[in-house]
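> Sequence:
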Amino acid sequence: MGGMDKGLVPYHGRALILYALDALKAHTDRILVNANRNIAAYRDLGYPVVCDPDPDFKGPLSGILAGMRASSSAWILTVPCDMPKVTEEILSKLLKVREGVDVPLLIAHDGERLQPLLMLASTDLEASLQDYLDSGGRRVDQWIDSIPHQIVDLSDSRAQLVNFNDFEALEDTTSKYND
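Position one of the sequence shown corresponds to residue 142 (my numbering), numbered consecutively onward.
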């Protein structure tokens with residue numbers, strides 16, 4: 142993203158992170174933001190900011206670990222900031238599935254692929270995640286495969302689960318789904 146912090150990149154006049162926060166507000170009054178730079182800008186959004194536990198950036202799993210450690214809840218719901226079309230209804234679907242399963246991790250699937258950072262994770266997984274990171278693991282999919290989990294079919298919401306990793310993808314997302 143040209144050195145820009147992805148969560149602060151504007152999308153239709155608003156920082157990307159604001160879309161994730163809007164979807165989360167309907168489900169909890171305890172929202173944590175994981176960030177490792179531009180901390181003041183994220184704090185200005187009105188939510189506590191948690192930084193990765195290791196100063197060496199170890200990828201998104203390190204942020205999930207930070208969230209687990211900071212959470213006072215038995216579960217955390219993670220929403221990536223590069224998924225601006227995610228809605229509170231999509232999060233409701235993910236939360237509803239938890240009621241009927243006995244696994245510590247639920248992962249969204251858009252009908253074509255996993256959306257591994259849109260997850261509902263038990264904070265009981267903290268030790269497992271720490272061990273995985275300590276062993277040099279960084280890949281979200283490998284950690285997921287190492288523990289019991291449930292894939293949540295959100296194929297009916299595929300257009301809202303689109304994400305991007307660069308400006309070109311953001312422009313394509315904008316034109317492809319006709320905001």
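Any given hint could be a false lead.
For lysine-lysine, the following PhoX-like pairs were computed, each having C-alpha atoms within a straight-line distance of at most 25 Å [said to hold, decoys possible]: (1) K237 with K226; (2) K166 with K147; (3) K226 with K147; (4) K166 with K237; (5) K226 with K166; (6) K234 with K166; (7) K237 with K199.
Bear in mind the hints are in silico, worked out from the structure with no lab data behind them. Please read these numbers as outputs of a predicted model, since none were measured by experiment.
> Now tell me, hint by hint, if it's right for this structure.
Hint by hint, here is what the structure shows:
no. : hint           : in the structure
1   : K237 with K226 : holds (20 Å)
2   : K166 with K147 : holds (20 Å)
3   : K226 with K147 : holds (15 Å)
4   : K166 with K237 : holds (16 Å)
5   : K226 with K166 : holds (15 Å)
6   : K234 with K166 : holds (15 Å)
7   : K237 with K199 : violated (31 Å)
Going down the numbered hints, you'll see the structure goes against just number 7.
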